[in-house]
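**Q** For reference, the chains in residue letters:
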Amino acid sequence: MPGTPGARVSGVAPRPRGARGRAFVDWQNDVTTKDLALATREGFHSIEHVKRYTTTGMATDQGKTSNLNALGIVSSALGKPIPQVGLTTFRMPYTPVSFGSFAGPARGELFDPVRTTPMHGWARAQGAVFEDVGLWKRARYFLRGTEDMHAAVARECRAVRSACGLFDASTLGKVEVVGPDAVTFMNRLYVNAWDSLAVGRARYGVLLRDDGFVYDDGVVTRLAPDRFHVTTTTGGAARVLAMMEDYLQTEWSELAVWLTSTTEQWAVIALQGPRARQVLAGLVDIDLSAASLPHMGVAAGHICGVPMRLFRVSFTGELGFEVNVPADFGPAVWEAVWAAGQAHGITPYGTETMHVLRAEKGYIIVGQDTDGTVTPDDAGLSWAIGRNKTDFVGKRSLQRPAMQSADRRQLVGLLTADPECVLEEGSQVVAEADATLPVRPLGHVTSSYYSTALGRSIAMALVAGGRGRMAQTLYVPLETGGVAPAQVASSVFYDPKGARLNA
Amino acid sequence: MPDLSAARSPPRFEAGPMLAPLPPASRYILRGGPAVRAAAEQAVGVGIPAEACRAVTREGRAALWLGPDEWLLIAPAAQGASLAGQLATALAGLPHSLVDVGHRQSGCELRGPLAATLLSAGCPLDLDERAFPVGMCTRTVLAKAEVVLWRTATETFRIEVARSFVAYVSEFLAEAGRTTPDQGLGSRPQLETFS
Numbered sequence: 020m021p022g023t024p025g026a027r028v029s030g031v032a033p034r035p036r037g038a039r040g041r042a043f044v045d046w047q048n049d050v051t052t053k054d055l056a057l058a059t060r061e062g063f064h065s066i067e068h069v070k071r072y073t074t075t076g077m078a079t080d081q082g083k084t085s086n087l088n089a090l091g092i093v094s095s096a097l098g099k100p101i102p103q104v105g106l107t108t109f110r111m112p113y114t115p116v117s118f119g120s121f122a123g124p125a126r127g128e129l130f131d132p133v134r135t136t137p138m139h140g141w142a143r144a145q146g147a148v149f150e151d152v153g154l155w156k157r158a159r160y161f162l163r164g165t166e167d168m169h170a171a172v173a174r175e176c177r178a179v180r181s182a183c184g185l186f187d188a189s190t191l192g193k194v195e196v197v198g199p200d201a202v203t204f205m206n207r208l209y210v211n212a213w214d215s216l217a218v219g220r221a222r223y224g225v226l227l228r229d230d231g232f233v234y235d236d237g238v239v240t241r242l243a244p245d246r247f248h249v250t251t252t253t254g255g256a257a258r259v260l261a262m263m264e265d266y267l268q269t270e271w272s273e274l275a276v277w278l279t280s281t282t283e284q285w286a287v288i289a290l291q292g293p294r295a296r297q298v299l300a301g302l303v304d305i306d307l308s309a310a311s312l313p314h315m316g317v318a319a320g321h322i323c324g325v326p327m328r329l330f331r332v333s334f335t336g337e338l339g340f341e342v343n344v345p346a347d348f349g350p351a352v353w354e355a356v357w358a359a360g361q362a363h364g365i366t367p368y369g370t371e372t373m374h375v376l377r378a379e380k381g382y383i384i385v386g387q388d389t390d391g392t393v394t395p396d397d398a399g400l401s402w403a404i405g406r407n408k409t410d411f412v413g414k415r416s417l418q419r420p421a422m423q424s425a426d427r428r429q430l431v432g433l434l435t436a437d438p439e440c441v442l443e444e445g446s447q448v449v450a451e452a453d454a455t456l457p458v459r460p461l462g463h464v465t466s467s468y469y470s471t472a473l474g475r476s477i478a479m480a481l482v483a484g485g486r487g488r489m490a491q492t493l494y495v496p497l498e499t500g501g502v503a504p505a506q507v508a509s510s511v512f513y514d515p516k517g518a519r520l521n522a
Numbered sequence: 370m371p372d373l374s375a376a377r378s379p380p381r382f383e384a385g386p387m388l389a390p391l392p393p394a395s396r397y398i399l400r401g402g403p404a405v406r407a408a409a410e411q412a413v414g415v416g417i418p419a420e421a422c423r424a425v426t427r428e429g430r431a432a433l434w435l436g437p438d439e440w441l442l443i444a445p446a447a448q449g450a451s452l453a454g455q456l457a458t459a460l461a462g463l464p465h466s467l468v469d470v471g472h473r474q475s476g477c478e479l480r481g482p483l484a485a486t487l488l489s490a491g492c493p494l495d496l497d498e499r500a501f502p503v504g505m506c507t508r509t510v511l512a513k514a515e516v517v518l519w520r521t522a523t524e525t526f527r528i529e530v531a532r533s534f535v536a537y538v539s540e541f542l543a544e545a546g547r548t549t550p551d552q553g554l555g556s557r558p559q560l561e562t563f564s
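So the sequences go chain by chain: R and V.
Letter by letter, the first sequence follows residues 20 to 522 in my numbering.
Letter by letter, the second sequence follows residues 370 to 564 in my numbering.
Simulated from the structure, these hints should not be mistaken for lab results.
Please read these numbers as outputs of a predicted model, since none were measured by experiment.
One or more of the hints may lead you astray.
[Unchecked claim] Listed next, the stretches of chain V that the computed footprint assigns to chain R, with coverage defined by at least 3 CB atoms under 8 Å from CB atoms of chain R:
#1 388–400
#2 430–436
#3 477–483
[To be verified] Derived Cβ-Cβ restraints for the label pairs, each shown as a range:
#4 V:Gly-416 - R:Ala-310: 29 to 37 Å
#5 R:Pro-199 - V:Val-503: 32 to 40 Å
#6 V:Gly-416 - R:Ala-518: 54 to 62 Å
The beta carbon of each residue, even a glycine, is placed where N, CA and C say it ideally should be.
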């Protein structure tokens, strides 16, 4: 830049001569030479006015990459030397700032917290491949020998269905809801009727937003008349607690009930499979018989001398228990269960196997089979709604005609004509095999797996009027071209009567 | 059947020149109104602060104000059962919530003349002793982790953090220690004001 006082300086237009398009001057605020010329034509002659009219030099670099060019252009447009055009206030950054200064320590290992469960070390030593779920690392599957993921998941699925699987469910969100008004609070918040839930019993709970769409789900246990142990999805833990506190503090501050996050207080050791009872029986001081502890029964006791909350619950469709122990005891209790299970074919399994097993039973995952536009009825969860309740969060929205329309997208099962064809999750579902594009889709595939138990692929999909289309053949366009024909079916593919669950 | 009642594996803070991990402790979250606070005070043997963001400690027990109806009670690990029992007796009939969170979180202490400076690498609060005096405690953030921060002495802070964030907080403080200049810390650098 020439330094002679009073010299006329032309602003540099950073584009090749004759090129079409805009010549940008401020690259952060997208101010062009044209904008600056317009400003002067509009009568903004003070550089402070030009700056505010165009926003040139107002980005985070405060004009360090653009001000001199802008001044030159304005100087030319006004026919005045730069000193007469003047300068805007000189501000930080006075020198270039490296991106490292902005990033600070948030890089590498410290880019984000990596949350691990108490049993993480064991899983790593056992060859677990982990997946990220929010900030958590969860074991996805355990590789044995030369297995690939498909083989590992098939082996883990077989083990759970035929013997016993061991699963780390510690990341599930947990909230302890306590106080004389706890049941009132739960009634107002969740769709379910909680008055009828006896102490020592658990029930599947569904939480809606006030727009009536499914927000979260989990198992809710009544530990005492005034104490509930509420579980949430792993990813929903923080926002569900925040929503609860929000309602409590702003809408229902008259209720005598208090919330405490207990997500990390408990290590959760899930034991699932027909031999789960035999594995556990020698370790606990609780009668595990179906008569004494039926499906959805809960008991407090000890495992190897460690205090325990024992939940007889299942996300696999098999006889199952979830052993909750104070988290510091997690690794030792896990090892004890592992040792006791050796005689029963115990097999550690990961989230991928958990996904397959729950899909075989048609159990949904909020956020995968729902997407924020799904009502309980769409998801096939109408049975969970307390019919006689005067209100709950979302009830009023569910009464809108559009929310009850028969052609809403409903969750159904899909069975491909080719049993080996595993559909891509997210694929569209259409009515005709050879329709001309564009086609209005009927819905989309939400979950899709190869089921070892059934010896074929299974899928769940949200399909317009889906439950009225049972046995219809629909089509799923494939990435490779063509379509896969698939028959609409119940989303409960395995043991629909629940005999295994209640064993 | 093995007896595992002593087989605790608490999450480990990495000890550093200024960072000292604290042994496992008993912890409870007590929630309720003023009557609960008063009744619990008798049982716990330590004052339970009514004043916002204040902690009281006596003979190894501590009560930290976390909210208008929420306190964190800390006691030595061996006293957990007796503390819970005393509270249950004292609070019988009073609407309240008492929840065991002894394993939910872990504690460490940061000591030394640079403790506040180190924390400032990740905590947006003013940790000058005039703004954050001894006996003050609050929920806040340390970089991307939620923590409870309690100044127990001029140059000592206690940090309580959920167990799965222990490794992150440890590593963050170690990194902050590596990059904190060791001179001229008595006074804050003068920032030019600008408009």
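**Q** Determine for every hint whether it applies to the structure shown.
**A** Going through the hints against the structure:
no. : hint                              : verdict
1   : 388–400                           : holds (count 3)
2   : 430–436                           : violated (count 0)
3   : 477–483                           : violated (count 0)
4   : V:Gly-416 - R:Ala-310: 29 to 37 Å : violated (50 Å)
5   : R:Pro-199 - V:Val-503: 32 to 40 Å : holds (38 Å)
6   : V:Gly-416 - R:Ala-518: 54 to 62 Å : holds (58 Å)
Violated hints for the displayed structure, listed by number in ascending order: 2, 3 and 4.
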